Amino acid sequence: MISISYYLWVSAWLFVTGAIGVLLRRNALIMLMSLELMLNAVNLSFMAYARMLNDMGGHVFVFLNITVAAAEAAVGLAIILAIYRTKETVDVDHLSLMQH
Amino acid sequence: MEALLFWIFSIIGVTCGGMVIWNRNPMGSAIYLVVTMLCLSGLYALLNGAFVAVLQVLIYAGAVMVLMLFVIMMLSMRPEGAPREGSMPVWIAAGVIGLIVVLRIGALFDFGRPPDAVDEFGTIQGVGALLFNTYVLPFELISVLLLIAVIGAVILSKRDAQ
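Residue numbers (the working numbering), protein chains in the order written: chain A, 1 to 100; chain B, 101 to 262.
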C-alpha cells in the first residue's frame, strides 16, 4: 500500500507543470490544455484526501470539477474560435488590443 | 503490485504532462494530454475511485479531448516562435509557484498509509447515494452551469447573421 503523500507529490508536480505552461506558452490552445492539467492535478489531490479520510465527498467534488472543466473547455474553445475568426491568430501576444 | 502500478502511471503521467507544455505542435500536446488523463484515471482506480476513474476516461479523455482535437484541426496555426522577450520574470514567477506548492506538500509529508477503504468506497452506488442526498443542491446547480455553457458556446461560435 503506497503512502498518500506520493499521490500528493504527483499532484503538485502536475500543477506546477500546468502553471508553467500557462505562464510560458503563447498559444492559446496550449494554455487551455495547461489549465486542464492544473484542474486534473487538483482532482488527484481531492481523490487522495478522500481515500485518506475514507470520505466520498471528495469523489463528489471531483465529479463536479470534471463537469466544470468540460463547460470551461467548451466555452474557452468557442472563444478561441471567435478570436481566430477575427484576428487569424491564436497567439496571445498578438491579442493586445485592449492594452494601453 | 499496487506500488508498481503507481510508479508506472505516475511516471508516464508526469512525463507526458511535461511534454504537453514542451511540445511545439498543439496536436502533439493534445495527444500527450490524453495519455496524462488516462494515467490519472489509473491513479484514481488505485485510490479506490472506480466511478471517478471511469468518468475521467469518458469525459476527459473522450469528450473534452475530442473537442480540443476538433478545434485544433479547424485552426491552421503557424509554429510558435521562441519564448517571448524579457521572459525572465516569467521564470521567476514559475519558480515561486513551484516553491509554494512544494513547500505546502512537503509540510504534509508524513501521512503514511491510508486506512482500509469502507464498503462501497468509490463505487457508483456509494458516490451516487452521496450525490443525490447530501450534495443534491450542487448537483442541480451544475446542470444550470452546463446549460449556460451550452448557450454561451453556441452564441460565441455563431457567425454574425447579416
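I should point out that these hints are in silico values taken from the structure, not numbers from a laboratory.
Some hints could be false.
[As the list claims (entries may be wrong)] Quick look at which bits of chain B chain A covers, simulated, 3 or more residues with Cβ under 8 Å:
#1 104-113
#2 132-139
#3 146-160
#4 164-171
#5 213-220
#6 228-237
#7 240-252
Note that the structure is a prediction, hence the values are computed from the model and not measured.
Glycine included, every Cβ here is placed at the ideal spot set by N, Cα and C.
Hints, verified against the model:
Proximity of the region 104-113 of chain B to chain A, defined as three or more residues with a beta carbon under 8 Å from a beta carbon of that chain, is established by the 3 residues found. Using a Cβ-Cβ cut-off of 8 Å, 3 residues of the region 132-139 of chain B lie near chain A, which meets the minimum of three, so the contact claim holds. Judged by the Cβ-Cβ criterion of 8 Å, the region 146-160 of chain B is covered by chain A as claimed, because 10 of its residues qualify and three suffice. Only when three residues or more bring their CB closer than 8 Å to a CB of chain A does the claim for the region 164-171 of chain B stand; here the count is 4, and the claim holds.
Judged by the Cβ-Cβ criterion of 8 Å, the region 213-220 of chain B is covered by chain A as claimed, because 5 of its residues qualify and three suffice. Beta-carbon proximity to chain A at under 8 Å applies to 4 residues in the region 228-237 of chain B; the threshold of 3 is reached and the given coverage holds. Coverage of the region 240-252 of chain B by chain A holds in this model, with 7 residues showing a Cβ closer than 8 Å to a Cβ of that chain against a need of three.
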